[in-house]
Every structure is written in structure tokens, then in C-alpha cells.
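Asks: Knowing the structure of chain A, use the given hints to seat chains B, C and D on it.
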Amino acid sequence: MRRLVGALVLLGLLAVAGCSAGAGTADQGEQTASLSVGLVAEPANLDFTTTDGAAIPQALLYNVYETLVKVDGEGELVPSLARSWEVSEDRRTYTFELVEGATFTDGAPFTAEDAVFSIERVQTEWTTSLAAAMDVVESATAVSPTTLRVELSRPSNDWLYRMTTRIGAMFSRTGVDALGTDPVGTGPYRFGSWNRGDSITLLRNDGYWGSAPQFGEVVLRYFRDPTALNNALLSGTIDVIGTVQAPESLEQFTSDPRFQVIEGTTTAEVVLSFNRSRAPLDDLDVRRAIKHAIDHRALVDTCWAGRGTLIGSMVPPSDPWYTDLTGRYPYDPDRARELLEGTDATSSTLRLRVPNLPYAVACGQVVESQLEQVGLDVQMDTLEFPAAWLQTVYTDADYDMSIIAHVEPRDLRAVFGDPDYYTRYGEPEFVEHLDAADAGTEAEQTEQLRLAAEMLADDAAADWLFLLPNLVVAEQGITGLPQNAVSESFDLSALGRS
Amino acid sequence: MLLRVLTRLAVLLASLAVSSLVVFAFMAVLPGDPARVALGVNASEAAVQQLRSDFGLDRPLPTQYLEWVRGLLTLDLGESYISRAAIAPQVLDRAQVTLWLVGAGMVVAVLVAVPLGSLAALTSRSPLGVLLSAVSQLGVAVPAFLAGILLVAVFAVGLGWLPASGWTPPAQDPGRFLSQLVLPASSLGLVQGAVLARYVRSAVLEVLGEDYLRTARAKGLRPGPALVRHGLRNAAVPVVTVLGLQLATLLVGAVVVERVFVVPGLGSLLLDAVANRDLVVIQDVVMLLVAAVLVINFVVDLLYLAIDPRLRTAR
Amino acid sequence: MSGRGSRRGGAAVLVGGALVALVVLMALLSFLWTPHDPTLVDARVRLQGPSPAYWLGTDRFGRDLVSQLMVGARTTVYVGLVAVGIAALVGVPLGVLAAMAPRWLGELLMRANDLLLAFPALLLAVMLAAVLGAGTGVAMVAIGVSTVPSFARVVRAGSLQVLRSDFVLAARAAGRRPWGVAVRHVLPNVAGLVIVQASVAFAIAVLAEAALSFLGFGTPPPTPSWGRMLQESQSLLFTDPRLAVVPGVAVAAAVLGFNLLGDGLRDRLDPRLEARR
Amino acid sequence: MSAALLEVEGLSVAAEGRPLVGDLRFAVRSGERVGLIGESGSGKSVTALALMGLLPPGLRAGGSVRLAGRELLGAPEAELSRLRGAQVSMVFQEPMTALNPTMRIGPQVAEVLQVHGRVPDRRSAWQAAVAALADVGLPDPPALARAYPHQLSGGQRQRVVIAIALAGDPALLVCDEPTSALDVTVQGRVLELIRRGLAERGAGCLFISHDLAVVADVCERVLVMHAGRVVEAGPTRRVLTRPQHPYTRGLLAASDLGRTDEHGRLLTMDRFLAGPPPPLTEPAPPWQGTAEDGWATSGGGS
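From first to last, the protein sequence lines stand for chains A, B, C and D.
Sequential numbering from 130 applies to the first sequence in this note's numbering.
Sequential numbering from 94 applies to the second sequence in this note's numbering.
Sequential numbering from 3 applies to the third sequence in this note's numbering.
Sequential numbering from 30 applies to the fourth sequence in this note's numbering.
In case anyone wonders, no lab produced these hints; they're calculated from the structure.
These numbers were taken from a predicted model, which means no experiment stands behind them.
Ideal Cβ placement from N, Cα and C applies to all residues, glycine included.
Hints are supplied without guarantee of correctness; some may be wrong.
[To be verified] Partial chain C-side listing against chain A, Cβ under 7 Å, derived: (1) G218; (2) Q236; (3) S237; (4) F240; (5) T241.
The following block holds chain A by itself, in its conformation from the complex (with noise of 0.2 Å):
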């Protein structure tokens, strides 16, 4: 017994040798205030131009990396490092005017230089096809220091939007050599360490050309887990929630004068996607059924507390194009049944392959019994998020309905143009209405996706489920907090404490 015990005190030493050697990863620093604000996904790496998913943007995108342009809560664009910029009569020239004075937190300047090799380095470079948004840029020129010119090769309303996400960040021609885990930015915060697994800090970049944010440290913590994300909150082990899992578990929050519970909207539409390329789903009755058979307020009540907007196509509200469409398909599970008869539908089993994500789980067991209450054979599988379901569903096709919020803002040419996407849709009337929208005036564009709006209920190409709230927790006292998240970036610069 004295050796054994002598053998687990030896362990404890090991371990105590082994830690000192290699711990001390994150930045102690001086006496900051400091502010940690849990989130879901951990980003595999920091690299968001070669890699894609949107946890890296959320974290680093308005925060360490800055754009030229950005939305605000309202979804509008302001300026960001551009302080203004000018659009020529044939809409194909872009003058940006940038600020002064910005600097790289590896010291350089932020010059128009800098804009010239970020934006040529999106079509050179970038492995992710959310690049191929830069296509359209003919040149860019360094007029002077702070004068940027681009030429586009046509006029686009989308690409000054798309100038608003990633790949609009701003790069320094001398940081870009190890941006999987040093990336270099002009934001408001620094990237300080990243303790993989548990948690990414950001520091207060005191060098900041913009008002400096109020908290000298951030820490991102991340939680797989939805209930140790509450957990870790009501413990008061983080200070924030950036997006809520778990909104059945919302109570305990609003009923808890520590805390303030933000409910926004997000660009997140959870769409139930329909596999056209494949009997039955090909048959368009057998879609109209489908989506007729779903009583979507009882869903969102159930697998989402009531929370979150019904929509009736991938357009959310705070678009200009929005158009109310929920009426289009009525819940009518007699007018379901009455579709399906005479279809394939009702003698096959469909398969609903849905990530192991909280939201399309819970959803996808919802879907499955209003489903079969009209006779439908459902079977429902959980797919690991995100590998195996990029493959099943994604890559191979292999399915008939899956479950996933798209939550790229002004996505219906990701996720409907193109019949060889994992929606299979990309009807050629459906890419001319895009197509007309993005060379046309802001009337045209409005009129066209709409139109592409209305085209894609028509088809039933998929159903809308709901579009996914912004709910954010956070102790009492916290303000600046995003109302919204209508941007890929959870953006921190504005937080403060009262």
C-alpha cells in the first residue's frame, strides 16, 4: 500500500513537472479590466482565408481585422477604414477614401497599398469559394496612401456588401505568414493567446486609430456544451453569452434580476432543404406537401421557445426585398394528405439527415412527427457537425431533407444558385432575376429578388423554418452589446461596463 501510494504521488509529480514546462500560454498582463463572453464554436484555426466555417470571422472579423466598409446593427453600410467612398456613374468604379493614421499592430502603416494586396490576395491566395465574391474586381490601384481605386468588370450591387464580410479584412502586407495562429489586424483589439479548447483572449489594442474599447481584455470561452454554456454564466465564470443554444433555458435568466436577456435578429434562416435531384422530393406536390403538413409556429414554440420570426422564403425581414410570404403555404395537414396521394411519396421512407447542431436536432424531431401525422414514413439520422454532415449531405447529395441555418447575410445566390449545390435547385430564370438584380439600380434589385424571393417558394425549393433569433445573455451593467448579428462578426468593440 506505501509503494502504491508512492507510485500516485509520483504521478501528481510528473504532471506537476510536465505543466510547469509547458503551460503559461495566456498573457497575465497588468491589472485590466477584463470581460469573458462564452460562444459556441471554437474556430479549428485563425485562418479564415483558407478555412471556412463561421467561427473565425466571428471572432476576429470588426475585432482584430478590420474592413473598408461594415453593417451596423441595422444592416446598413457605414464606413470603417474607408471614411467615405465614391461610386462612379457607370457603377464601376469605387474611390475609397481611407483613414489616416491606422496602423497593424505588427507597426505598419495601413496604407491603400495594403488594400491593393488584400483585395488582389482574395483572388490569388484564398482557397474558400466565398472569394469568388471578388471575382468581379477588374484592378485595384493605390491612387496615393489613403486614396484606393477598384474597377469592377461589371456593375454589382453585391460586391460593396461582400466588402462587409471577410473578405473585405484588411491584411498587412508583413503579417500574413502565420495567420492560422498570429493574424495581424488594424481592429480595436490585438489577438493576445489562445488556449485551444477553451478559450481565445484578445487585447485591448492600444494603438487603435478609432475611440479604444473600454475593456483591456476579452476572452472568448468556448462551450460545445449549450447547458455548460448557461452554466458557466450563472456561475459567474463568464460575463456574457454570445448566442444562447439552449433558449428553453432562457427562463432562468429572465427571471434573474443579475441578468439582461438581448433579443435581436439575426440573418440565420434554419432552412428545411429538399433534395430535388431525387425521387420523391423531386416532385414538386410532394414539396408543397411537405411544407403545407408543417405547423411552423407550433415548431419554433417547441424546439425553439417561441423564439425566432417565421419567413416564407430565404429572405430575412431587415432585407429591403422582404416580402411576407408565410401565408403561402398555410398549415393544412388535409391538403398535405390530399397532395401526397397518387405520389411515391407515401410508400418510400425519407431520410432527414440533420447536423448534431441544437437547434436541428431539437427541429428535426419536430419535423419528423408533423410529418408522419400526415403519413409520411420520416427517418430522422444525426450527422456530426461539421464533417460528417458536409460530406453526407453537402458533398454527396446523399439525403432527402436536412436541417441547417445559413447564416451568410444576402445568401439566396449561395444557397439557391447553383443546381450542383447541395439544394440542387439553381433554376436559370431563378440566376437571371440574381443576375438582373446585382447589375441593376437599387429599384431593380429590389423588384428582381423579390421576384427570385416569390420564384423560390413557388418551387417550394426548400422550406423555411424560421430564422433564428439573436439571443444574448448578459450579466447586468454590460452595454454595448450587438442588438442584432446581421454580420459575421460578433463585434466586440463597443462593450462596455456601466
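Replies: Relative to the frame of chain A, chains B, C and D by itself:
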């Protein structure tokens, strides 16, 4: 004795070799193109091809296997094509965290089990003994994650005494480290302690019936000292066996507890790697865990030799 | 002394047997009847407390808890049966073979068996899930395979003891072939050990299934499973603890039942055959 | 007549109400060697353990056991522990299991001295242990003290057990079948060792055996036990030559291996007993101690 140790060592090495083959083969049949996954859904085909050749995914499997084994031996595991970070330091970093957790869990388990089990054996015929047995039976029946959730609910959220989650390296802030270690280590240790207590109880009960314990009493030793001096070491043989098996259980059980308490250990690394299809990292972590279990079994065998002199001369 | 032991074993067998019977009966009954459709989502009756219509209330999908519990018992029994079946079908012959084979072969088999110990259920399940996707089948195979070593070890130890006994020596002396000995003498005499081990393994399987479901590698929704009910109840632990208590008690009762049954049966067995672990 | 060292009166042992030994009474004087004979299962060993206060859990003793006038039954464990090894020791039947397999021989012998504070430090405890081992005639005691039990033969181990029992110079030695597990060839030497050890210390001895020859060899007086009761007692020579009780006659006949009945069959015990023994719950055992059997007047010889 030396021969015995050498034989066991040979078995250990052979087991490591076989299990590395098994793990590699397993991962080789993994569906899904790791390069495609690494680059994400929007990547171009050319970029995917580039990555495959960059990371040697296009080489024949035997070559990949040998390269991997060489990497394991030299602790140069290369770079993950998902995280773009060197794997070895990351795995070792996480392994430390898990080691702390498991070590602390083990200490909790032993601290709970040895007194509880011994007492239950000594009082096996009294109501106290029956109560202690019942408590350990109930403890065994509670899943570790449930224990964790309940501990969080009571001590972190309810009473606010301890943090609900998180991890701080001990060198950075020992106090915070300890406060964050208590709950996960307890939820690991209490359940395993309940399991262990049952083995301690039956081992002690068995020892209590042995003649040499009667001899010790006949010498004038009181029951307690007689048990401590003569009983525990003999009871330790079966208990150490279980302890060894439990250490393996704890290593893997830590996966669940790390999830509950958001501890960045090997378990969460493994789960993240599975979610991201970070093939190389899955392979390395699984191999590390398997190797750890095999080494633990080896050490347990050596412990027998230390505990029971009869085995040293036998064969 | 033996009188007391078997009486105590008797109490354990009685309590354990009753709990196990309850679980099994619930599972069997669920094939014929449940109060409600366990997967029927009904927004109108979300999170209701116990009532005459819903004896244990409903979850956040408006699904009846009793019905889920019953069908969950079915999942539990199913997973346990298949997992233990795999473990016994592989482990028992392996153990007997290792006991009867020539020394070197027996040693080799046991080393291979030890190697399996290095792949605990959770690790296997994670690996399998990475390859095949998570699901009940994967969970059962993982739990079953990881339980093989314990069966093989116990059976080997028991078989060795039987093989040394006089009646086997007599049978061998009488010229009975090894396989005849195995079937006629060894298997019947280790059957008790196997039953005890199966009961204990069943308890482990219930726990493992719960843990796997918690991690999302177990029974996929919407099939009711106690582990997943627990996992889903987490977010409402503070607002509606009933949702966690019901499946939690069910898991604990099932594990307790199988453990008690196994312990009690072990006490009843010939102590000479008791395997030293 | 010297005062009785051990006085047993009305001793009974029961397991959960089931009596194993009933209403036992006898005495052992200092320097006297008393045999207790009977078949296995007759309650001999249980009696020995009851005297030591080492009954296994579940067994309870009643009546009175006095060692040098001190009542042992019901005495606190602390007091019993002080007496065991110092005033009363025991030699066990099974030398293979009586020693701790994970502890070297020396410390096991030294322990009894250390427990009773007979030696000032570990060093002298070790030396005393080596001396005790030499005393029981073991070869190369210093090396042997460093050995583990499994490295010794059965006879050697029993000598170690005897060394442990005698190391504390007890006034009373209880021997429970000390030679039954040994080869016949070493039996005689072990018995001689016990006899010598007792003589050197002037200690009394309760010698339990089923072997009449051994008892005849060692003991001056003998008690015959049957089914939990003493059925006959007296000087060894008298009991063994002129047995009064049918059971004793049976024992004697059975031990005479050559003897057969008129049909040429080996004799069995049934022939000598008129029916089964009376149950222990019934009163009035057939034998009462007399002064001749060593009963001091204070012990009550009525």
C-alpha cells in the same frame, strides 16, 4: 524475476505494435476526404489536391503508416491540416490536463474507497456496514456525467462555491487551478471510488478471514493495526488490479467529464477532432490513450511483483 | 456461515431481480401499449407537470414522459442484450479455448484479450462513430466488444479450475475428447460465472449507453433512450428538474438492479468457482 | 496443589443461536499440559479460539474464562490485546497460511515483542527475533529472518509459528493441532520443541489434537470432547487405558488401525455409541468436573 519483467516488456512492445496497426487501419477506412473537410465546403478541387500532396495523403498506406510510427517515436507528429498547428505540443499539452484530472480523480477515488471499503468490511455484519454497501452500490449506479451535472448544479450554480467549468494551468494560478479541479476530479473520483470501494470491501473481507491475520491478533495486535500492518498489503493485490483497470476507465471517462466541465483535455481534443475529421489528431490521440492503457497494465504487473513476494520467485 | 451468505445473496437477488424485472416488463409492455405516442410532438402540452393524462408530465416537445420511459427501457434492454450477447458469444469460447489450448496458445489468446482492454467502450464508440456515424448499432458493438475481455478472463479462470477438478481428470482418463470435456463439463460448470458476468456487464452496458448518448454517440433522436432523455433535460435542470430526475432514477435503478442481481448470484455460486479479479 | 492458570467454567459457543460448544468446564495449572481430544467438528478449535477471544464474526461465547484469575470473556479488546502474545499465545494448525505471505519472517517474529514493548528499538527487535528463530532450532536464523514464508518448508514454518508463540514468554500456550499438517517425520521434533519451550518457561498448555498418540506423548491430563461437550476427563494414562465413556472407547478403537469387528470390517464410531449425541440445548451433561480433574475449589466442583 528479471525474466518476468523482460517477458512483460516484450508483451507490452508487441501489444503497442499491434494496436498501432489496428488504430491506423481503422482510421484508413474512415469515409470522408480529410483534405476536403480541412478546406471546407467551398474549396476548389485544385486546392484540395494541393493539400493532399502537401500532407502526403496521396502516398501508399504502408508508407503513411511507417511515417506515422516514426513520427510517434520521435514525437514529431507534424501539423494538423485542420488547425495548422503542430500536433505533438498540442497533444502533450492536452495530455497534461487529462493527467491532472485523472490523477486527481484517482486520488479522490482511493481516498474514498480505501477507508469506506475497509470500514464496510470491518462492519459488514452491522447496520453501518450494510448502509455503506448500499451507498457504494448506489454510487456505482450513477453515471459520471450525471454526477458531474449534479455537482455543478449544487456547488457551482446553487451555492456558488466553485466554478462550473474551465481550466487554468497550475503554474499560472495554483488557487484557481485547484478550485477548477475540484468538481471534475470529484465527479470522476466519486463514482470510481464507489466502484473501487466494493472491491476494497471484498478484498478486505477476504483478508479478514485469513489465518495470518488471526496470528497477528494472537500476537496482541488490535484489529485496526492488525488490518493495516498485515491486511492491506495483501488486500492490495486484487485492488491494484482493479485500480489499473480503473485508471484506464478514468482516462476514457475523462472524455465525458471534460465535456461537462469544458476542460481542454485529451477527451475534448478527441471529440473536436472527430467532429472536424481531423484524421491525424484522432489517430494520435487514440493511439496515445491506447498506449497509456497498455503501459498502465504493464505497471500494474510490476506492482504485483512489488506487493507480493511470492510472485518474484515463481517461474 | 454459508447459510448466512446465501441468505444475504438472496436479498440481493430479490431486490435486483425485482428492479430488472420492472425494466424488462416496462420494455415488453411498450411493444403492446404506451399511454401516448412517445415521439408525438404536441406544442399545446409542452412542459406539463404530472396529471391524470400524463402521469409524469411532458417534455419540452410535449411528449409523454411515461411513454418515453417505457420505450427507453426497450432501448436499454435491447442495447444491453445485444452488447452482452456479443461479449458472451466471443468471450466465452475465447475463455474456454484459452484454458484448454496448449499453454503458448492460451497465453497468446489472453494477451490478445488484454489488448482489447486497451480499447474501452467509449474509445471504440468514438472511433466507430467517426467511421460509420453514430447510432445504436455502433454503440452496441462498441460496448459489446469492449466487454469481451472480462468474459474471457472470468471464463478462463473458471475453466482452469474446472479442468483441474477430479471429475474432469476422470473424464479425460476415460478417454473423452477435449471438445467433449468442454461441452459436457466445462461449459455447464462455468455457466453460473457467465450469468453473473452477464448481469454485471448489463449494468455496465446501461451506463455506457447513457454516457454515449450524452456525448451524442448513442441512440439517435427521436428514438427514446434514457441517456438522451438525461442529455435533453440538462438545459432545463433548474427550471424543471423532473425531466432529469425521471430518466436519472431509471438509469440508476436499472444499473443497481443488474449489479445487485449479479452480486447476489455470485454469492450463491460455489465459492470455489468465484473468479478472482 | 498450585492455583489454576486457566479456569473455564460454563463456556459455550454458539453461531446465531445454534450451539457449537456447550457448558464446558476445565482448568489448566501452570506447567501443566492438558490435552483436548475429539474428532474434527467436535468443537475443539472453536474452544481454543474462544479462549483467545478470537472467534470469527458471528460466533458468540458465553460463560466464564479466567486467566490467572482475570475474566477474559467480555473483557475490552485493549485488555485482551495486552494479554495475547504476552500471557497467552497460540500455535495454529496450518503453518502454510498462518504467516503473512507478504512480510519477511524476522519482522513477523519481532512484531510480537514490539507490540508488547519488550524491545527498545527495531534493531534489538530484529536480534531478538533471530534469537527466537535460533531457539526453535531453525538453521541459519539471520538469513531465514530475511526470507519470505513461501521460501520455507512446512516444518520450518511451524517452527516459526512456535517461535512467535513462545517469543513473548506466555504463561499459557494454546496449541491447535500443531502437528496435523506436518509430515510424520517432523512431527516428533516439533512436539519436542513445544515440550521444551513449555518446560523452559514453566508455562501451561492446552493441547488440542485428534491424534491420541500425540496427546499421550505430550499431555499429563486429557479431556475428551464429543459434539461440543467434554464427555470424559482424567489423567492421560487412566483415560487412554481405562476409558469410561463409550465415545472414548470408540476413539481408542478407531485409532487402533488394525482392529476390526467380528465381520472383519473396520470399526466405526457408531458401534460404541448408543444413539446420536444429546443436543446441546438439553441440560445436564454426563460429566462434571471433579477435584481430581484439576478443579480448584474456587472453581466450584459441585
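Asks: Now tell me, hint by hint, if it's right for this structure.
Replies: Results for each hint:
1. G218: Since the shortest Cβ distance to chain A is 5 Å, the answer is holds.
2. Q236: This hint holds: Q236 of chain C lies near chain A, its Cβ roughly 4 Å from the closest one there, short of 7 Å.
3. S237: holds, 4 Å
4. F240: holds, 5 Å
5. T241: Result: holds, 5 Å to nearest chain A Cβ.
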